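J.: Below, each chain spelled out in residue letters.
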Amino acid sequence: MRRSDDDQAGSTMMVWIRAHGFTACVLLFVGLFCLGPVLWQAVTSLKPDQDLVRLPPLIPERVTSVHYDRVLLQSSLPRSLANSMVVAASATVTAIVVGAFCAFALARLPIAGKSVILGVALVTSMFPPIAVISPLYLLMREFGLRDTLVAVGLTHAVYSLPLAVWLLTSFFQQLPKELYQAARIDGCTPVQALLTIMLPLARPGLAVAALLVFIYSWNEFMFALTLTASDTTRTAPVAVALFPGLYEIPWGDLAAASLVVTLPVAGLALAFQRHIIAGLTAGSVKG
Amino acid sequence: MAEVRIELIEKRIGQKIILHPITLTVHDGEFFVLVGPSGCGKSTLLSLLAGLDQPTAGRILFDGSDVTDLEPRERDVALVFQSYALYPHMTVRENMAFPLRVAPRAKRLERNRIEEEVQRVAGFLGLSALLDRRPRELSGGQRQRVALGRALIRKPRLFLLDEPLSNLDAQLRASMRAELLRLHKELKVTTIYVTHDQTEAMTLGDRLAALSQGRIQQIGRPHDIYAAPVNLFVAGFMGYPPMNLLSARLRNDGLQAGPLHLTRPSDAPTVDQEQIVTVGLRPEDVVVAPATDSGNEGAGFGIVRLTEPSGPTLWVTAELNDHSEVVTISGSAQAGFVPKIGERVAVSGPRATLHLFDPTTGQRLGAS
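Chains as they are written, first to last, in our numbering: chain S, 1 to 287; chain F, 1 to 368.
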């Protein structure tokens, strides 16, 4: 009796492996490939300094929080994280607000040369940042914005605006045209129609665009490095790169710092995932 | 409520002419139908009336005042879309209240007055139990009612309907047709209704305009258009089954359409003898009888190719052959006669209901 149960369990296992074995293997491989460095980083951040450069053991025998203490309590990283948060949030809000208005105009208002405008927007985003960095630096210095968060946030917003416009334009175009027309006939001005009808329905698109801009701004390094000069304005990636190491490279501290910097974005991506479900328009038009 | 005047309205997109200059008056409180095949420009005309699109030339007047350059919100028209265009993120209540909520501040009603209006219109349309549902939780007919409610709630001057029934099944369509007529009788709002379905046009409209290729072909009361179509397009488009259009030779003693001899109508136009005309016969006027008891003058004999029972009438398509010419004609079977495919039958058409057209211009010949 028991044996037949076991056999049955064994055979269902075989069926599962035959059906999903390949997929599982591929997923495992990709997962290890992508998360391996992160795992290594996590392990490193928990090792005491003297164990850092010894390979066996792979799994640390002693675990310490000394690196996290140093990064979070004794360095300027918390300040930089706050700076990053301010910069990324304001860049996101600016890019999405301006981008939504641009995209709405391109998607629904009678404008000549829409495809040209979209093309030009795309071209501007193709300039390598290094090509614009010195004029940008001079410009910001003239504005008196050098070494301010405004300069970094503004640059990030401008640089991610084409992306926001493109994404939102295609999202607005996917909304049935009749909904906009109905809103106009029901008495809306174009802006009212945008705010009351189009934006609520384009929420998944707004979430995607906001997430991408936020991640870009959070991770951006070169503009942030060039436009800031002091600990009080540095963003997190710059702070990690400039981590104080006088006589040796503090691998453990760096590992801890980079994990701390990565965590908010990873968390954000997971949180937003739920909003990125389309299908909000189901039922509006025949269906 | 308003009288709508369309003066020489024209619409082009690039070089393409969508609407040739159109002039049309819709009277105050009238139920007017624009009917035509898809691509004839009827929806474009509706967009122009609603203000969603600008004409290339011409004027639109509501009660004598020019609204051509006004925004949709300034025209005070309501439009029901074929797709209903309900706002999916709003409940039925919010959908219906929407036109009142976005009204200009000076005209906006208080919150509790809006709710009263929603309740009133919902009661009127039988939607009271559904106010908290979202559009996706409603059936097609219910969505249709919500769309009507949203359009009617602010008592528009002009009520536009763009093929509102074509997404409904046949039974629902018939009952919604009756419902629309009831609404129109009670509210007396000037209504312009666009459809490609000539049955809808015939049953709904006080008057109708048949459109084709961007031109108005004929304007009139449904019965008048049915009885005397002005050209071949209208003749073939209005009525089901479509009118038989045959090429015929005009003679002293009548008309010869291949093997079929027709008596010349008394009001026949003064045209040259031996002239070729196009003669139109409605299938309900063409009688198909058994070939044996053919006492009818001028009956032609043919072979049944197709039979279409439609309840009260059995439509028969027969092929008439006299060795030189073949004519295909549809008609209605004589009461009690059920022909089989391939059977020999006698086909005859009475003279009073012949329509004559000029085959080159397509225009109707004669007075009627």
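To be clear, the hints were calculated from the coordinates, so they are not data collected in a lab. Computed from a predicted model, the values in this text were never measured in an experiment. Where hints are given, some of them may not hold.
[To be verified] No more than 27 Å apart at the CA atoms, straight line, and that leaves these computed lysine-lysine pairs for DSSO-like:
#, chain 1, residue 1, chain 2, residue 2
1, F, LYS107, F, LYS155
2, F, LYS16, S, LYS114
3, F, LYS155, F, LYS185
4, F, LYS107, F, LYS16
5, F, LYS155, S, LYS177
6, F, LYS155, F, LYS188
7, S, LYS114, S, LYS177
8, F, LYS16, S, LYS177
J.: Can you give the numbers of the hints that this structure goes against, from lowest to highest?
T.: Violated hint (a single one): 4; every other hint is consistent with the structure.
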